[in-house]
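Participant: For the sequence shown, the working numbering gives the first residue as 163, with consecutive numbering after it.
Computed spacing ranges between beta-carbons, pair by pair: (1) His211 with Ala256: 19 to 29 Å; (2) Ala377 with Asp261: 28 to 38 Å; (3) Glu235 with Phe323: 37 to 47 Å; (4) Pro279 with Gly248: 18 to 28 Å; (5) Gln328 with Ala278: 28 to 38 Å; (6) Arg182 with Ala378: 41 to 51 Å; (7) Arg187 with Val368: 14 to 24 Å; (8) Arg183 with Arg351: 32 to 42 Å; (9) Gly195 with Gln328: 17 to 27 Å; (10) Ala260 with Val324: 30 to 40 Å; (11) Ala377 with Arg182: 38 to 48 Å; (12) Gly366 with Arg182: 25 to 35 Å; (13) Gly357 with Lys337: 31 to 41 Å.
If you are wondering where the hints come from, they were derived from the structure by calculation, not from laboratory data.
Each residue gets a CB set at the ideal place from its N, CA and C atoms; glycine is no exception.
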Amino acid sequence: MPCSCCAGESLEIFGEKSARRALRRYLRKGLGGADAELIAAWATERGLHGATVVEVGGGIGQIQAELVRRGAERGTVVEVVDGYAGPARELADALGIADRSAFALADLLETPEAVAPADVVVLRRVVCCSPDGPALLEAAASRTLRTLLVSYPRDRAAVRFVVRLQNAALALVRKRFRVFVHSPEELHRAASRHGLELTRSDRGAVWETVEFDVAAS
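Model the full assembly from the supplied sequences, consistent with the hints where possible.
Facilitator: Rendered as structure tokens:
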């Protein structure tokens with residue numbers, strides 16, 4: 163979910179067509195790879211009973227859907243791209259959680275107060291869609307009551323090189339959307355400004371998945 167200044171760029175890449183592809187893929191295969199890793203700690207090691215979940219820029223909302231299926235009380239997908247709304251509701255219907263899963267069209271970066279605080283807030287491959295990634299993560303941290311789960315591209319030479327190629331290809335076909343690799347130190351500082359501390363970090367070849375928890379008082 164990029165900031166509002168980039169929402170138009172996102173519509174060039176993301177929309178109902180890509181949402182329906184994601185829906186078909188999820189219904190066939192479920193979660194895998196980094197997505198499965200993103201929820202593993204919370205789904206297997208923490209009590210989900212009674213927890214609320216917000217997935218920011220979640221598209222069709224696979225992560226919050228999985229957490230609701232595993233015991234969370236309620237989940238919400240927050241998006242700036244309205245083309246995801248229909249497929250997100252179809253996913254909730256298919257999983258039998260329509261009464262516990264909602265879709266909200268809102269810009270967390272511009273109006274964080276429009277998003278209700280939740281026990282678990284998820285940013286799955288979202289901060290890389292915004293030039294203001296640390297600010298977006300900070301806005302998410304401000305809505306986090308217990309745990310913030312985040313995945314982002316690793317800040318390493320090979321990843322930055324691939325991202326430059328990807329952005330060059332987008333420019334070649336006259337798309338304005340771009341991918342950004344942010345400093346993990348800046349991202350971590352953004353979370354700490356709202357009382358969250360890093361408690362887990364899992365690094366793959368491309369993606370880093372981290373967990374922040376509210377610091378014990």
